[in-house]
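Q: The lines below spell out each chain.
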Amino acid sequence: QKEVEQDPGPLSVPEGAIVSLNCTYSNSAFQYFMWYRQYSRKGPELLMYTYSSGNKEDGRFTAQVDKSSKYISLFIRDSQPSDSATYLCAMSLVSGSARQLTFGSGTQLTVLP
Amino acid sequence: NAGVTQTPKFRVLKTGQSMTLLCAQDMNHEYMYWYRQDPGMGLRLIHYSVGEGTTAKGEVPDGYNVSRLKKQNFLLGLESAAPSQTSVYFCASSRSGDSPLHFGNGTRLTVT
Numbered sequence: 322q323k324e325v326e327q328d329p330g331p332l333s334v335p336e337g338a339i340v341s342l343n344c345t346y347s348n349s350a351f352q353y354f355m356w357y358r359q360y361s362r363k364g365p366e367l368l369m370y371t372y373s374s375g376n377k378e379d380g381r382f383t384a385q386v387d388k389s390s391k392y393i394s395l396f397i398r399d400s401q402p403s404d405s406a407t408y409l410c411a412m413s414l415v416s417g418s419a420r421q422l423t424f425g426s427g428t429q430l431t432v433l434p
Numbered sequence: 012n013a014g015v016t017q018t019p020k021f022r023v024l025k026t027g028q029s030m031t032l033l034c035a036q037d038m039n040h041e042y043m044y045w046y047r048q049d050p051g052m053g054l055r056l057i058h059y060s061v062g063e064g065t066t067a068k069g070e071v072p073d074g075y076n077v078s079r080l081k082k083q084n085f086l087l088g089l090e091s092a093a094p095s096q097t098s099v100y101f102c103a104s105s106r107s108g109d110s111p112l113h114f115g116n117g118t119r120l121t122v123t
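Order-wise, the sequence lines are chains A and B.
Per the numbering used here, residue 322 is the first one in the first sequence, and the count goes up by one each step.
Per the numbering used here, residue 12 is the first one in the second sequence, and the count goes up by one each step.
I should point out that these hints are in silico values taken from the structure, not numbers from a laboratory.
As the structure is a computational prediction, the values presented were derived from the model and not from experiment.
Accuracy of the hints is not assured; some may be wrong.
[To be verified] Under the rule of at most 25 Å between Cα atoms (straight-line distance), these lysine to any residue pairs were calculated in the SDA-like manner:
#1 323(A) to 71(B)
#2 391(A) to 379(A)
#3 377(A) to 358(A)
#4 68(B) to 51(B)
#5 363(A) to 116(B)
#6 363(A) to 123(B)
#7 391(A) to 51(B)
#8 82(B) to 71(B)
#9 82(B) to 367(A)
#10 323(A) to 49(B)
#11 363(A) to 402(A)
#12 82(B) to 63(B)
#13 323(A) to 51(B)
#14 363(A) to 82(B)
#15 68(B) to 366(A)
#16 68(B) to 96(B)
#17 323(A) to 97(B)
#18 363(A) to 55(B)
#19 363(A) to 30(B)
#20 68(B) to 423(A)
Use the sequences and the hints to build the structure in full.
A: Structure below.
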């Protein structure tokens, strides 16, 4: 069993829809949670970063962490065609340490105009 | 400001050939990393460096070597390429271990 599970999709939604992307994890020692966005043929870029249970909002994006259920989500409101990308969740045992960063396999999202 | 630059962008190798992937960053970052990305597997750390002259193994180091002779450059070497090393390789850098990773745009390597 992988430490981090992420539904690969693909997920296709109409413009303006609310998108929910999810990851589950098995290691309760994970403390820090990130979402990366990866456009086709590009490297990942950090989208959201959080370390506590609850919600963190940044514009149209909300990251949600439920440590008791070992479940994290990324919500995208008013989705736009420019949001079409692969979204990777990532988590670490200590603050941002890449030596301990574990990535999900990514969910491919397409927002249709 | 180029950020993280990887060369080459594409490469095809025959089994047993060797090659070096170059990563250069212009952000004066201390930490540099090499990842590989495979379908359904996510990004996996190959090797990393916490400063000039230092290197360390990541999750999947076998078959790869690295060097960090200059702070701005991190080289990934394949001494004898195998088909299992067909992948997309990403270099990343960060200011410190706690800082966000900045990724390059990848090198697509095919080993036949």
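Q: Which constraints among the numbered hints does this structure fail? Numbers only, ascending.
A: none
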